[in-house]
Amino acid sequence: MKKTITLILLIGLSCVAFAQSTTLNKKLKIQINKNVELLGLAYFIGFEGNDIETKTIDVRGKKMPKKDWHNYGYSIYEKYKKFATNESLATSFAVADHLWLDYLIAFLVQVDACPNAQLTDAIAESYYINFSKTKNPKEAKENVIVFLSGLNAFSKEINFEQYLADSQKYYEVALEEVRKSLPETDFISAMENFYKGSFNTYNLVPSLTIPKGMGFGIRYTKDKQTHIYNVFGALDFQQFSGVNTLQMGFADKQRLRELSVHEFGHSFVNPSVDKLPEKLIIETESLLEPMRLVMSNQGYNTWRACLYEHFVRAGEIMIAEKIGDKQGAKNLLNSYLQDRRFDYIPTIITELRKYDNGRYKTYDETLLAAMKEIAKHK
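When you line the sequence shown up against mature numbering (1 follows the signal peptide of the UniProt record, and there is no 0), it's residues -19 to -1, 1 to 359, in that order.
Where hints are given, some of them may not hold.
Here are the simulated EDC-like pairs of lysine to aspartate or glutamate, each with C-alpha atoms no more than 16 Å apart in a straight line [as the list claims (entries may be wrong)]: (1) 122 / 106; (2) 63 / 29; (3) 43 / 324; (4) 359 / 233; (5) 357 / 233; (6) 7 / 167; (7) 7 / 266; (8) 62 / 34; (9) 234 / 255; (10) 203 / 106; (11) 122 / 102; (12) 36 / 49; (13) 161 / 233; (14) 114 / 167; (15) 62 / 29; (16) 303 / 167; (17) 256 / 167; (18) 137 / 68; (19) 335 / 302; (20) 359 / 264; (21) 260 / 324; (22) 137 / 93; (23) 335 / 345; (24) 60 / 102; (25) 177 / 345; (26) 119 / 102; (27) 116 / 78; (28) 203 / 102; (29) 234 / 306; (30) 256 / 345; (31) 359 / 324.
Okay, the calculated beta carbon distance ranges per label pair [claimed, not checked]: (32) 233 / 307: 15 to 23 Å; (33) 256 / 331: 30 to 38 Å; (34) 307 / 286: 27 to 35 Å.
Since the hints were derived computationally from the structure, they do not count as laboratory data. Ideal Cβ placement from N, Cα and C applies to all residues, glycine included.
Kindly produce the complete structure, drawing on both the sequences and the hints.
Rendered as structure tokens:
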């Protein structure tokens, strides 16, 4: 057991050392997080794996069996599906069934690795208060303790340390693919300069158990230090069984940069959206109706969520231009308008260009001006 833990720690330490020596940005860290991998495994066998053998999925315009696209996840499902009804896991998920993965991940990256995860006084209440549907502090604390106890027990019952040891070569390749796929341009500095803000660390957390296509932008503050994360599943096809050259699906340079700018972007953008007058959001809510179905299909069921996404994606386009990827910016704009129906991005970009040219002093001011322009579409 000690050897296994040492191997995993070496992976983490090597990627931190790389992040500190990179010429891109000293704040950038690349790491595997054991709690994220455990949560992803539990989610895959409990939810994503349901009917995976019979479902199809659209990948780049072509339909293919879902199990072939999620082939690493499917291999996990095949091995651990007998634990899908595990009592410890059921107990853990029962107190968290109303919470999405981003909230759980933002909490889990702050605690020790399972099976030793515990709630400590160092974790602010805001990171676990939602474990109570009524936001009752006492109930939230009780529920999060149940959640962690269940995950700790589940990790022992499936021998999760053995999974990590058996999969070490796959994680090493995944980390190396991310390292080699980082853009030569310092996109983090470009974001800080554009949004006129910064964070203490920017963490890329590739995951082999989080389903492909999923990405989560999270942040937490501790000891006056704010850390933001892009936690993401594989981006491309994987080859890991019976092959000489492993491919773990993280070598898509364009997608990696775009996803990182997107997920990191939420930490810059969302607080500004939350400062908008509530009256303005309510008054413009009817603008969601023409795009409600397509937004819902993408997982955005409220007007506020759609606004987050509109402003983050408009920012992606601006950042792509700023680091010299004009074609990438055009591709993003076309995709977001034609395929994804983010109808108000052009309106937002008009105001962002004014901001970039000095018309507005702050991003907050710009966002409010853009929102007032969006309101004219009613």
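Structure-based check of each hint:
{"no.": "1", "hint": "122 / 106", "in the structure": "holds, 9 Å"}
{"no.": "2", "hint": "63 / 29", "in the structure": "holds, 14 Å"}
{"no.": "3", "hint": "43 / 324", "in the structure": "violated, 26 Å"}
{"no.": "4", "hint": "359 / 233", "in the structure": "violated, 39 Å"}
{"no.": "5", "hint": "357 / 233", "in the structure": "violated, 39 Å"}
{"no.": "6", "hint": "7 / 167", "in the structure": "holds, 10 Å"}
{"no.": "7", "hint": "7 / 266", "in the structure": "violated, 41 Å"}
{"no.": "8", "hint": "62 / 34", "in the structure": "holds, 13 Å"}
{"no.": "9", "hint": "234 / 255", "in the structure": "violated, 32 Å"}
{"no.": "10", "hint": "203 / 106", "in the structure": "holds, 12 Å"}
{"no.": "11", "hint": "122 / 102", "in the structure": "holds, 11 Å"}
{"no.": "12", "hint": "36 / 49", "in the structure": "holds, 10 Å"}
{"no.": "13", "hint": "161 / 233", "in the structure": "holds, 10 Å"}
{"no.": "14", "hint": "114 / 167", "in the structure": "violated, 41 Å"}
{"no.": "15", "hint": "62 / 29", "in the structure": "holds, 11 Å"}
{"no.": "16", "hint": "303 / 167", "in the structure": "holds, 10 Å"}
{"no.": "17", "hint": "256 / 167", "in the structure": "violated, 29 Å"}
{"no.": "18", "hint": "137 / 68", "in the structure": "holds, 13 Å"}
{"no.": "19", "hint": "335 / 302", "in the structure": "holds, 15 Å"}
{"no.": "20", "hint": "359 / 264", "in the structure": "holds, 9 Å"}
{"no.": "21", "hint": "260 / 324", "in the structure": "violated, 21 Å"}
{"no.": "22", "hint": "137 / 93", "in the structure": "holds, 15 Å"}
{"no.": "23", "hint": "335 / 345", "in the structure": "holds, 13 Å"}
{"no.": "24", "hint": "60 / 102", "in the structure": "violated, 37 Å"}
{"no.": "25", "hint": "177 / 345", "in the structure": "holds, 10 Å"}
{"no.": "26", "hint": "119 / 102", "in the structure": "holds, 14 Å"}
{"no.": "27", "hint": "116 / 78", "in the structure": "holds, 15 Å"}
{"no.": "28", "hint": "203 / 102", "in the structure": "holds, 11 Å"}
{"no.": "29", "hint": "234 / 306", "in the structure": "holds, 12 Å"}
{"no.": "30", "hint": "256 / 345", "in the structure": "holds, 8 Å"}
{"no.": "31", "hint": "359 / 324", "in the structure": "holds, 13 Å"}
{"no.": "32", "hint": "233 / 307: 15 to 23 Å", "in the structure": "holds, 19 Å"}
{"no.": "33", "hint": "256 / 331: 30 to 38 Å", "in the structure": "violated, 21 Å"}
{"no.": "34", "hint": "307 / 286: 27 to 35 Å", "in the structure": "holds, 29 Å"}
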